[in-house]
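Novice: Residue strings, one per chain:
Number of protein chains: 4
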Amino acid sequence: MTDPSGFAAITSQLERLAIEVPSWAYGNSGTRFKVFGSAGTPRSVEEKIADAAVVNRLTGLAPSVALHIPWDLVDDYTALRSYAEDLGVALGTINSNTFQDDDYKLGALTHTDKVVRQKAIDHHFECIDVMHATGSRDLKVWLAEGSNYPGQADLRGRQDRLAESLATIYERIGEDQRLVLEYKFFEPAFYHTDVPDWGTSYAQVVALGERAMVCLDTGHHAPGTNIEFIVMQLLRLGRLGSFDFNSRFYADDDLIVGAADPFQLFRIMAEVIRGGGLDADSDVAFMLDQCHNIEDKIPGQIRSVLNVQEMTARALLIDRDALLVAQQDGDVLGAHEIYIDAFSTDVRPALAAWREERGLPASPMRAYAESGYQQEIEESRRGGTQLSWN
Amino acid sequence: MTDPSGFAAITSQLERLAIEVPSWAYGNSGTRFKVFGSAGTPRSVEEKIADAAVVNRLTGLAPSVALHIPWDLVDDYTALRSYAEDLGVALGTINSNTFQDDDYKLGALTHTDKVVRQKAIDHHFECIDVMHATGSRDLKVWLAEGSNYPGQADLRGRQDRLAESLATIYERIGEDQRLVLEYKFFEPAFYHTDVPDWGTSYAQVVALGERAMVCLDTGHHAPGTNIEFIVMQLLRLGRLGSFDFNSRFYADDDLIVGAADPFQLFRIMAEVIRGGGLDADSDVAFMLDQCHNIEDKIPGQIRSVLNVQEMTARALLIDRDALLVAQQDGDVLGAHEIYIDAFSTDVRPALAAWREERGLPASPMRAYAESGYQQEIEESRRGGTQLSWN
Amino acid sequence: MTDPSGFAAITSQLERLAIEVPSWAYGNSGTRFKVFGSAGTPRSVEEKIADAAVVNRLTGLAPSVALHIPWDLVDDYTALRSYAEDLGVALGTINSNTFQDDDYKLGALTHTDKVVRQKAIDHHFECIDVMHATGSRDLKVWLAEGSNYPGQADLRGRQDRLAESLATIYERIGEDQRLVLEYKFFEPAFYHTDVPDWGTSYAQVVALGERAMVCLDTGHHAPGTNIEFIVMQLLRLGRLGSFDFNSRFYADDDLIVGAADPFQLFRIMAEVIRGGGLDADSDVAFMLDQCHNIEDKIPGQIRSVLNVQEMTARALLIDRDALLVAQQDGDVLGAHEIYIDAFSTDVRPALAAWREERGLPASPMRAYAESGYQQEIEESRRGGTQLSWN
Amino acid sequence: MTDPSGFAAITSQLERLAIEVPSWAYGNSGTRFKVFGSAGTPRSVEEKIADAAVVNRLTGLAPSVALHIPWDLVDDYTALRSYAEDLGVALGTINSNTFQDDDYKLGALTHTDKVVRQKAIDHHFECIDVMHATGSRDLKVWLAEGSNYPGQADLRGRQDRLAESLATIYERIGEDQRLVLEYKFFEPAFYHTDVPDWGTSYAQVVALGERAMVCLDTGHHAPGTNIEFIVMQLLRLGRLGSFDFNSRFYADDDLIVGAADPFQLFRIMAEVIRGGGLDADSDVAFMLDQCHNIEDKIPGQIRSVLNVQEMTARALLIDRDALLVAQQDGDVLGAHEIYIDAFSTDVRPALAAWREERGLPASPMRAYAESGYQQEIEESRRGGTQLSWN
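Note that the protein sequences, when read in sequence, are chains A, B, C and D.
So for the first sequence, the numbering used here puts the first residue at 1; every next one is plus one.
So for the second sequence, the numbering used here puts the first residue at 1; every next one is plus one.
So for the third sequence, the numbering used here puts the first residue at 1; every next one is plus one.
So for the fourth sequence, the numbering used here puts the first residue at 1; every next one is plus one.
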């Protein structure tokens, strides 16, 4: 096979790409209007991990699974870890949840009531305990906190309490562990959110210490936000901890990453590469955080990791030397064309060939369809309660 | 009491203001992350109507209750109507629901499968049957239909099927009934929505006939949309059927109307008045459609109808003659100031006095707090299943 | 050359693609902060047409040039027509301008003053006279009218006057001519715009008659608007007159079409094709409307028409039969993948080969760079006043 | 006069409110489509200051005037300072301008060419020289820098060069001077902006030192951004240097502050007060930055400072003790109502009376109209060149 696009030169970097999949993507999800079920949906954490392992087996891209506590509460995490490892995947980031208990209706780490704050802090301590058992590096904190009505809450007091609560949690994490603070523009709070933007997350984590980082969820920004700029900035400031990948047309739609705007995903990956986020010594974690409300979940996840891989490959193909020259020269159209040339390249054939070289199916999507796995789980997973976000 | 603002001159119009409340506002609601319950929440349609009747008793503003089928399915609507009338309220608009049955996962009136379409049409026929029993004038159709991924659906085919389905439903409504078609920018579908904007709703209802109208939900627009312009246009075109009032900072937040941007509500009511929507012969229906996710529901509804009343009063105070002169003269700041003067007027004392004249409490909010009703329902409504959106 | 993607099958349709270029794209443009000049910028209408002819010569895609009155006012349009034809291009759409005369500060076709309205109407009559001389089919009306402050203007009165003014203009156009009404979300007016959305443009042109159509400028929508849906709807309603192509990240940025979101351009062209807009009997006009504020103008235009061509080619490659089956079957991911497959195809080599077959340069961008034209105009066009938007 | 709203208690704080007006607001401004002139527009810096002095004389609110270099370049700033002081106003913030010289087409402080960067740095040195002559405290830096096309520029390289350039400038400012860095979402760059959000401005100024602060322009955010949250955060972090007040419906519309969303202005001022920004020892500077494109400039400025004053007064009326209790108690509606009560209060009569006590006209707008100043300048300022943004 000829290699007009220079694919051979990028495989060593491409090999480093690993995308953590979220356990909850294999359960049911939906909107406030309806959560539709689907045949074959897992009834246990183990079944979710089994499904995730299929994604990894077919793509070679998804070696770890993120857990969500308490959605993925089990009695014995050491056993769960072995179970996962036997299936070829590791347990990854631990996600806390302080938004589904009645006590958290008006806040958790920011609550005016010290008792509620302590309860939320204790929950994070439990998550850290889980991390020790699972060998997880990252504690990811997404806070659903905020208010719905102007005047309802004291924004400043909440920010100060947030700082205090986070500091208490941060003290507890291990030397090799990190606290990663996610930000989100809005939802479920509709007037103010306590960590609404990267600036707030950055200011909070800088105050904590060196092992506190920012999580960038690609769906958590105001309309029109230039996300790759934030990627650049957080890498520059040394605080890009992880990505939650998904895509959106409107709000936090949680669609398959790359489905809404593939060029945006390309630009994000281009900036990751430019800033060293895919270097051998990079600590940036790449994760999915999506909702497969209407599409099949396992192929939805396969499609997602393939999209990230495909756009990473295209971004790696950017002729960086030529680009830099054009940028230096102020050649607006020339620089843009070098950039777009990489994006316009169809890397699918090269990726398929490369997959086969590595013992993976050329088309993971087709391989899944032909594997019979879906039919098997639809058959075997009858009865029980399908897992969802609770 | 002196009347510097000219309040006396507007009471005859203000008296015409009636706001329909939605039965579902009295049940629990939430986001996809969590539906919080609250003490005293109704367990039956009757309890919802009882709560709505309290809102009307204290404000004199909410003489009817909208129902949602099947959420408000009962065996005997004639009995329900009597029950409501005994409490001083009428049954109002009937809202159909074609988004919570598994068959509707990929569409209802637009579905590619004729069987599913017919099922959705039949549901509307049932709603029309209910309307005959309840004496309702309006069948309100909000369609949750759309798609999440580009390519998933044939936009054009769906639009054509929508036209056909609506025509079949329209044929069935009575001579004195109306079909009101709501539009919504997005959610629960995240790529395309089949009735996303007023233009689509308008084009569809014009094709149906004279008793087909548009419903404008104040939370269903793209960011930055000038809603009062649409109010003006629909009144001009003779197709403004009804309002679903609520407010928002981001998406379809469904907050208390007027809470996010009181000046916007003022502008909307000013345009309603300008276009004859509050005239004696107007058929425009004013309704609430909100979610009280974290605040108490009954006072949330009281606050809502009061907000509409307050902004309507301010809008009625606009010195229309002076405004027209300034507008004709191109006096930009002068016209703006006349408009703003009305908005800046504190009508609360005059409204309180006017309420008392009519045998209503000066402060409905305080009256509710002091009525003991909330304590009573929290006490009496123990056990059973609190109603929510299903 | 093998043809794995089925390119051969689409060339007959691709051949029909013709994109009108705007004369003003060859002059200087900028923002309110600064208009930067550039060497070689035309000083006369003729020089603009000469530049446009180069774009057509190198791409075979731009056979006509839109004019803007009064920016392109000349004494003798018959002579201008001959001049253009000698260069291989036709004169196309005539664009009116009622936003740069001091009288139009507060409106033109909607102005409260009848004298100003008549002046604006008369300007359109002059444009129609020009059309007769140039042989142009379309009179394109973009109205910069609106208001900046709530209360400043009577929205309804303006809408009624707009209808009246347009009717007067419409009466004057010839049997084979069309009036095309553009809409725009905002700018230069910042509170309300008199034709802000497709619904308003549609309602206005329907009232005029069958030769009145809507112009869709791809940069004139609220954030998040699904533009291809509007394309579908206007084609369905028989009122899609023309496109003004450009792209944007924020507002009406007027960037090179396809530069900001190539997938969106693909979706738009897919819907054009689906709705018959590229059929042999289609009357849809494809135009550019862009600002080359910082990049070179002629290659900017070449890049633009190539982008439209490239995305049209990809959209033509959609396997429509397979797509329809997947859509009918409710195969969400399957349908999406068929759609995305076409988008992911690199059509550049096939397009280059096809161009050469037709006697065009394989790479129009490179051909322009090597042609020496830029150097020539930079040399020869010294002195005089570079043309801009006035 | 009775004082039901507690106005007397807030006047000591209200007295501290001072709003700097921008010299350029008195010149002509417009959009990229047209800059309309108006009778009486200044032809010199002195005439701009004279107009600004009128605003201060009538309102007592605008004791200083911000200058823009080079728009306000004069030979002798000591003389200008005396001229201004004789008219009762001081010279305030100095604004640099690195966006209108041809060299800055592709950047200034971030430019790839060291020569251009040095030129831009030197311009800031000149501004600092002016500051020494005028006695100005603040050097305000708004950078129009960015790129229009993905790939055009190296985002990271530009950010690093920005840091370096700013550090060089920061070193030069005096002990009692501050560097204030403004951020802006977009425009005039349409793909990326080098300082697009408060997070970037914050990260840059923290790296500079303690006298580097953030400037918050109320029109420079993405749609839906909660601006008062940023106000809270910057005050909490000790980095809120100044405000550029204006209002908007869409983008950076630069409308009269408070005209588009008075409740938002109220919320911003409430957060300023909450965070100590109006305390006696506060260094926060309040400025206008607006465009009076179609309205008269001087009354436009009077209206603006009055709007800020009015909303500040309303915000000062918030019953903070009661609010805090309701917030602590989680009384959602109760807290919201306390907040809204203050907003709903009509403070205009109390403000008018207070003005008269202080020897100011009760209605500055009417006083201006009756002063004959407008007629006088329209008469006297004939000939010459009206000033604009260049």
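If you are wondering where the hints come from, they were derived from the structure by calculation, not from laboratory data.
It is possible that some hints are incorrect.
Identical chains share a label here; the pair holds if one copy fits it or two copies do between them.
Unchecked claim - EDC-like cross-link-like pairs, simulated, lysine to aspartate or glutamate; straight-line CA separation at most 20 Å:
{"no.": "1", "residue 1": "114", "residue 2": "182"}
{"no.": "2", "residue 1": "119", "residue 2": "160"}
{"no.": "3", "residue 1": "105", "residue 2": "176"}
{"no.": "4", "residue 1": "34", "residue 2": "187"}
{"no.": "5", "residue 1": "34", "residue 2": "376"}
{"no.": "6", "residue 1": "114", "residue 2": "75"}
{"no.": "7", "residue 1": "119", "residue 2": "164"}
{"no.": "8", "residue 1": "114", "residue 2": "331"}
{"no.": "9", "residue 1": "119", "residue 2": "261"}
{"no.": "10", "residue 1": "105", "residue 2": "122"}
{"no.": "11", "residue 1": "114", "residue 2": "101"}
{"no.": "12", "residue 1": "119", "residue 2": "379"}
{"no.": "13", "residue 1": "114", "residue 2": "356"}
{"no.": "14", "residue 1": "105", "residue 2": "329"}
{"no.": "15", "residue 1": "105", "residue 2": "321"}
{"no.": "16", "residue 1": "105", "residue 2": "281"}
{"no.": "17", "residue 1": "114", "residue 2": "46"}
{"no.": "18", "residue 1": "34", "residue 2": "346"}
{"no.": "19", "residue 1": "34", "residue 2": "210"}
{"no.": "20", "residue 1": "119", "residue 2": "129"}
{"no.": "21", "residue 1": "34", "residue 2": "319"}
{"no.": "22", "residue 1": "105", "residue 2": "296"}
{"no.": "23", "residue 1": "105", "residue 2": "86"}
{"no.": "24", "residue 1": "105", "residue 2": "210"}
Just so we're clear, the structure is a prediction, and the values are computed from it rather than from any experiment.
Novice: All hints, please: hold or fail.
Specialist: Hints versus structure:
1. Taking the shortest alpha-carbon separations for residue 114 and residue 182, neither the intra-copy value of 23 Å nor the inter-copy value of 38 Å comes in at or below 20 Å.
2. In this assembly of identical chains, the alpha carbons of residue 119 and residue 160 lie at most 20 Å apart only when taken from the same copy (17 Å versus 43 Å across copies).
3. In this homomeric assembly, residue 105 and residue 176 never come within 20 Å of each other (Cα to Cα): the closest approach is 33 Å inside a single copy and 45 Å across copies.
4. In this assembly of identical chains, residue 34 and residue 187 lie within 20 Å of each other by CA distance both inside one copy and across copies; the values are 17 Å within and 11 Å between.
5. Taking CA atoms no more than 20 Å apart as the test, residue 34 paired with residue 376 passes in neither setting, with 26 Å inside one copy and 32 Å between copies.
6. For the identical chains of this complex, residue 114 and residue 75 are neighbours neither inside a copy (29 Å) nor across copies (49 Å), given an alpha-carbon limit of 20 Å.
7. Taking identical chains as interchangeable, the C-alpha atoms of residue 119 and residue 164 lie at most 20 Å apart only when both belong to the same chain, with a minimum of 14 Å there against 46 Å between chains.
8. Proximity of residue 114 to residue 331 under the C-alpha cut-off of 20 Å is restricted to the inter-copy arrangement: shortest distance 17 Å between copies versus 58 Å within a copy.
9. Proximity of residue 119 to residue 261 under the C-alpha cut-off of 20 Å is found in neither arrangement, the shortest distances being 40 Å within a copy and 35 Å between copies.
10. Within a single copy, residue 105 and residue 122 get their C-alpha atoms as close as 17 Å, which meets the 20 Å cut-off; across copies the closest is 40 Å, which misses it.
11. Taking identical chains as interchangeable, the C-alpha atoms of residue 114 and residue 101 lie at most 20 Å apart only when both belong to the same chain, with a minimum of 16 Å there against 43 Å between chains.
12. In this assembly of identical chains, residue 119 and residue 379 lie within 20 Å of each other by CA distance neither inside one copy nor across copies; the values are 41 Å within and 28 Å between.
13. When the C-alpha separation of residue 114 and residue 356 is checked against a cutoff of 20 Å, the pair qualifies neither within a copy, at 57 Å, nor between copies, at 43 Å.
14. For the identical chains of this complex, residue 105 and residue 329 are inter-copy neighbours only, at 13 Å across copies versus 56 Å inside a copy, given an alpha-carbon limit of 20 Å.
15. Within a single copy, residue 105 and residue 321 get their C-alpha atoms no closer than 53 Å, and across copies no closer than 23 Å, so neither meets the 20 Å cut-off.
16. Taking the shortest alpha-carbon separations for residue 105 and residue 281, neither the intra-copy value of 41 Å nor the inter-copy value of 38 Å comes in at or below 20 Å.
17. For the identical chains of this complex, residue 114 and residue 46 are neighbours neither inside a copy (36 Å) nor across copies (40 Å), given an alpha-carbon limit of 20 Å.
18. For the identical chains of this complex, residue 34 and residue 346 are neighbours neither inside a copy (38 Å) nor across copies (39 Å), given an alpha-carbon limit of 20 Å.
19. With identical chains, the CA atoms of residue 34 and residue 210 are never at most 20 Å apart, being 42 Å at best within one copy and 33 Å at best between copies.
20. Proximity of residue 119 to residue 129 under the C-alpha cut-off of 20 Å is restricted to the intra-copy arrangement: shortest distance 15 Å within a copy versus 52 Å between copies.
21. In this assembly of identical chains, the alpha carbons of residue 34 and residue 319 never lie at most 20 Å apart, being 47 Å within a copy and 33 Å across copies at closest.
22. Proximity of residue 105 and residue 296 under a CA criterion of 20 Å is satisfied inter-copy only: 13 Å between copies versus 32 Å inside one chain copy.
23. For the identical chains of this complex, residue 105 and residue 86 are neighbours neither inside a copy (40 Å) nor across copies (36 Å), given an alpha-carbon limit of 20 Å.
24. With identical chains, the CA atoms of residue 105 and residue 210 are never at most 20 Å apart, being 31 Å at best within one copy and 39 Å at best between copies.
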